[in-house]
Structure formats: C-alpha cells, structure tokens
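Trainee: Going down the list, the sequences are from chains A and B. Going by the working numbering, the first residue of the first sequence is number 42, and it counts up by one from there. Going by the working numbering, the first residue of the second sequence is number 2, and it counts up by one from there.
Please note that a few of the clues may not be correct.
Straight-line C-alpha distance at most 20 Å; calculated EDC-like pairs for lysine to aspartate or glutamate [stated by the list, open to error]:
#  : chain 1 : residue 1 : chain 2 : residue 2
1  : B       : Lys-98    : A       : Asp-71
2  : B       : Lys-98    : A       : Glu-56
3  : B       : Lys-68    : B       : Asp-94
4  : B       : Lys-69    : A       : Glu-103
5  : B       : Lys-60    : A       : Glu-103
6  : B       : Lys-38    : A       : Asp-95
7  : B       : Lys-98    : A       : Glu-113
8  : A       : Lys-98    : B       : Asp-94
9  : B       : Lys-38    : A       : Glu-103
10 : B       : Lys-38    : B       : Glu-15
11 : B       : Lys-27    : A       : Asp-100
12 : B       : Lys-51    : A       : Glu-113
13 : A       : Lys-50    : B       : Glu-41
If you're looking for bench data, these hints aren't it; they were derived computationally from the structure.
This is what each chain is made of:
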Amino acid sequence: DGGITQSPKYLFRKEGQNVTLSCEQNLNHDAMYWYRQDPGQGLRLIYYSQIVNDFQKGDIAEGYSVSREKKESFPLTVTSAQKNPTAFYLCASSIGTGGQNTEAFFGQGTRLTVV
Amino acid sequence: QQPVQSPQAVILREGEDAVINCSSSKALYSVHWYRQKHGEAPVFLMILLKGGEQKGHEKISASFNEKKQQSSLYLTASQLSYSGTYFCGTEGDSWGKLQFGAGTQVVVTP
C-alpha cells in the first residue's frame, strides 16, 4: 500500500540534544513538507521541498534542519537551538506543486516531548 | 503569513448548517480544505483553484473568491461524522509553499 510513514510515533528528548524525525513516502511524490502542530495554532510550515536536493524554509524554520537526498525521504532534525520543541510534528507529501498537484497526504505524526 | 480562519469553534446539532471562513492577505492560487479527527492525520476534502469555482464533497461544499482572497466551507445538514477540526490551506505566488490556518473545531451533537 502506498503511503507516508513517520517514525517514531512518540519521541522523548533531553534538553540540549538534537533529534531526527523520520518521514518516508512511497507515493512517488516530488514535494514534501514538515509542519508543527500546537493547540490553537494550527499547522505551521517548517520546511518544504519541491524536488530532490532542494528545500526552502517555511514560516518557523529556526532551530530545525532538513535534507532531501532521496525522493522518498525528508528527515527533520530538531536541534538544541529550538527553544520550545515539544509539539506534534506532521510530514506530508504531494505529487508536485501548483494547483491540483498540491493535494497533500499526511503521515500519522510524531509527538516529541522534551524532558 | 498563515491564512486566518473563523470561527475558532462551532457546535451544531445534527442536521444544522455551518459556514467556516478562510481569508488571506496575499493573492492566492489555490485553497485547500482538510479535516482532522482527534489523534489522526488531516484528510484532504477538496481543492479550489482561481476562478471562483465551487466544489462539493458529500454535503460539504466550498467556494473561492479570488478577488477577496477568501474561501468559505459550507457544512450542510451536518452529520455526526462531520465532527473534527477543519483546516484551510493556501498556496500563493510561492509555489509549493502550502500554508494552513489555525483550524476550526466543529462538534456535531445528536
């Protein structure tokens, strides 16, 4: 079955540590996205990638980094520079960009807690 | 800048109607609507492109006024299954930059 997989589902991190969230898709989609979801703030765009080896900052990129070395994979690293990393993180993908191509398919999310 | 949604929440009785609005300060190329149930991933409902078209999904429809940079989602004769948080997503001149609003929580009661 085609889909988008995020792992792990729950992640605990000590303050000052970097942590990487995995996102893999087998939908053959060119575009991928990372969002952060906090209560009352909806989905805020962290990074997005329209094609392999290319990505752009979203609205809240500070303290995060990404890579897009393979079409199927778009891992997100939450660095120690992110001041308030506890949140629910959602990864999404779409066929491409522009109009109908941007229908987004979401993963089940990773809940990150800093302890 | 994220699109702005209103209202933040709405409580309906089964069979009642509701409207959710989404507005942006910038020119839009497309507007998306998604629904997220508690503990689940958001699910795509529909996309509207420039041109003011209206679309439907079951008894849920939407319109897009590109001149006003606004979209509205209409929940008609609501069902219990319509409960969830609805998000509008917008794509402007920066192709590929899909931004979402804060969401509207919809509760449908028997």
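Trainee: For each hint, tell me whether it holds in the structure or not.
Mentor: Status of the hints after comparison with the structure:
Using a Cα cut-off of 20 Å, the hinted pair B/Lys-98 and A/Asp-71 holds, with the two alpha carbons roughly 13 Å apart. Taking the CA atoms of B/Lys-98 and A/Glu-56, the gap is about 30 Å. The hint is violated against a cut of 20 Å. Between B/Lys-68 and B/Asp-94 the CA atoms are separated by roughly 15 Å; this keeps the pair inside 20 Å, and the hint holds. In summary, the hint linking B/Lys-69 to A/Glu-103 is not supported, as the alpha carbons are separated by about 32 Å, beyond the 20 Å threshold.
Between the alpha carbons of B/Lys-60 and A/Glu-103 the distance comes to roughly 41 Å, so the proposed pair goes past 20 Å and is violated. At roughly 32 Å between alpha-carbon atoms, B/Lys-38 and A/Asp-95 are farther apart than 20 Å, so this suggested pair is violated. Of the supplied pair hints, the one linking B/Lys-98 and A/Glu-113 holds, its CA atoms being roughly 19 Å apart against a limit of 20 Å. The straight-line distance between the Cα atoms of A/Lys-98 and B/Asp-94 is roughly 15 Å, inside the 20 Å bound, and the hint therefore holds.
Note on B/Lys-38 and A/Glu-103: the hinted pairing is violated, with a Cα-Cα distance of about 29 Å set against a maximum of 20 Å. Our distance criterion of 20 Å between C-alpha atoms is met by B/Lys-38 and B/Glu-15, whose separation comes to about 17 Å. Proximity of B/Lys-27 to A/Asp-100 is assessed by CA-CA distance (about 15 Å); at most 20 Å being required, the pair is judged to hold. With a C-alpha separation of about 30 Å, the suggested pairing of B/Lys-51 with A/Glu-113 is violated against the 20 Å cut-off.
Restraint check for A/Lys-50 and B/Glu-41: satisfied, since their Cα atoms lie roughly 12 Å apart, inside the 20 Å limit.
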